[in-house]
Amino acid sequence: MMVDIKKVKVLFVEESGEKLAEITFFKSGDDEITVDHTVVSDKLRGQKVGNALVEKIIGFAREENLKIVPVCSFVQKQFEKMQNTRMYWLNEPEG
Numbered sequence: 001m002m003v004d005i006k007k008v009k010v011l012f013v014e015e016s017g018e019k020l021a022e023i024t025f026f027k028s029g030d031d032e033i034t035v036d037h038t039v040v041s042d043k044l045r046g047q048k049v050g051n052a053l054v055e056k057i058i059g060f061a062r063e064e065n066l067k068i069v070p071v072c073s074f075v076q077k078q079f080e081k082m083q084n085t086r087m088y089w090l091n092e093p094e095g
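One point on numbering: in the UniProt record's numbering, the residue at position 18 of the sequence shown is 18, and numbering is uninterrupted.
In short, the hints are calculated from the structure, not lab data. Misleading hints may appear alongside valid ones.
What the hints assert, rightly or not - Taking CB as the label site, the calculated pair distances span:
1. S16 - R62: 14 to 20 Å
2. K43 - E63: 26 to 32 Å
3. E55 - E18: 33 to 39 Å
4. N65 - G17: 14 to 20 Å
5. E80 - G59: 28 to 34 Å
6. N65 - K43: 32 to 38 Å
Stated by the list, open to error - List of simulated lysine-lysine pairs, PhoX-like, C-alpha gap at most 20 Å:
7. K27 - K9
8. K81 - K48
9. K19 - K56
10. K67 - K48
11. K9 - K67
12. K9 - K19
13. K67 - K56
Think of the CB as a built atom: it goes at the ideal place given N, C-alpha and C, for glycine as much as any other residue.
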């Protein structure tokens, strides 16, 4: 059996040692990353923390000249709302 282990990277918001929000991604190709999970604690809901994490991922992709595969539904929705992110999509959704 072959096991493919990917190095997952995490950006997170922490307060007093408690992780309150995170977004996870991994390198999925030579010039792409896949964003697969976003979670925000109830303590931070409504404060646009999830949006800030998505913006950080976009900044990282820009700096590293990478495209983004948004598997996470939250990230997909944010990309659809933010017209200036289309250049970072690996495959733009139809519709």
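Satisfaction of the hinted span 26 to 32 Å by the C-beta atoms belonging to K43 and E63: holds (30 Å)
Holds or violated: K27 to K9, with C-alpha atoms at most 20 Å apart: Distance ~9 Å between K27 and K9 Cα, so the pair holds.
Given hint K48 paired with K81 - CA-CA distance at most 20 Å: holds (14 Å)
Would the hint linking K19 and K56 be met if the CA-CA limit is 20 Å? holds (17 Å)
Given the hint of 32 to 38 Å, is the C-beta distance from N65 to K43 inside that range or not? holds (35 Å)
Is the gap between the beta carbons of E55 and E18 within 33 to 39 Å? violated (22 Å)
Could you say whether the range 14 to 20 Å given as a hint is met by the Cβ separation of S16 and R62? About 32 Å separates the Cβ atoms of S16 and R62, which means 14 to 20 Å is violated.
Pair hint outcome, K9 versus K67 [Cα-Cα no greater than 20 Å]: Between K9 and K67 the Cα gap is close to 16 Å, so the pair holds against 20 Å.
Restraint check for K9 with K19, where alpha carbons must lie at most 20 Å apart: Holds, at roughly 15 Å.
For K67 and K56, compute the direct alpha-carbon distance and say whether it is at most 20 Å. holds (14 Å)
Okay, E80 versus G59 on CB: inside 28 to 34 Å? The hinted range 28 to 34 Å is violated for E80 and G59, with Cβ atoms some 19 Å apart.
What's the verdict on K67 and K48, does the C-alpha distance respect the 20 Å limit or exceed it? violated (23 Å)
Hints 1, 3, 4, 5 and 10 from the earlier list are contradicted by this structure; the remaining hints agree with it.
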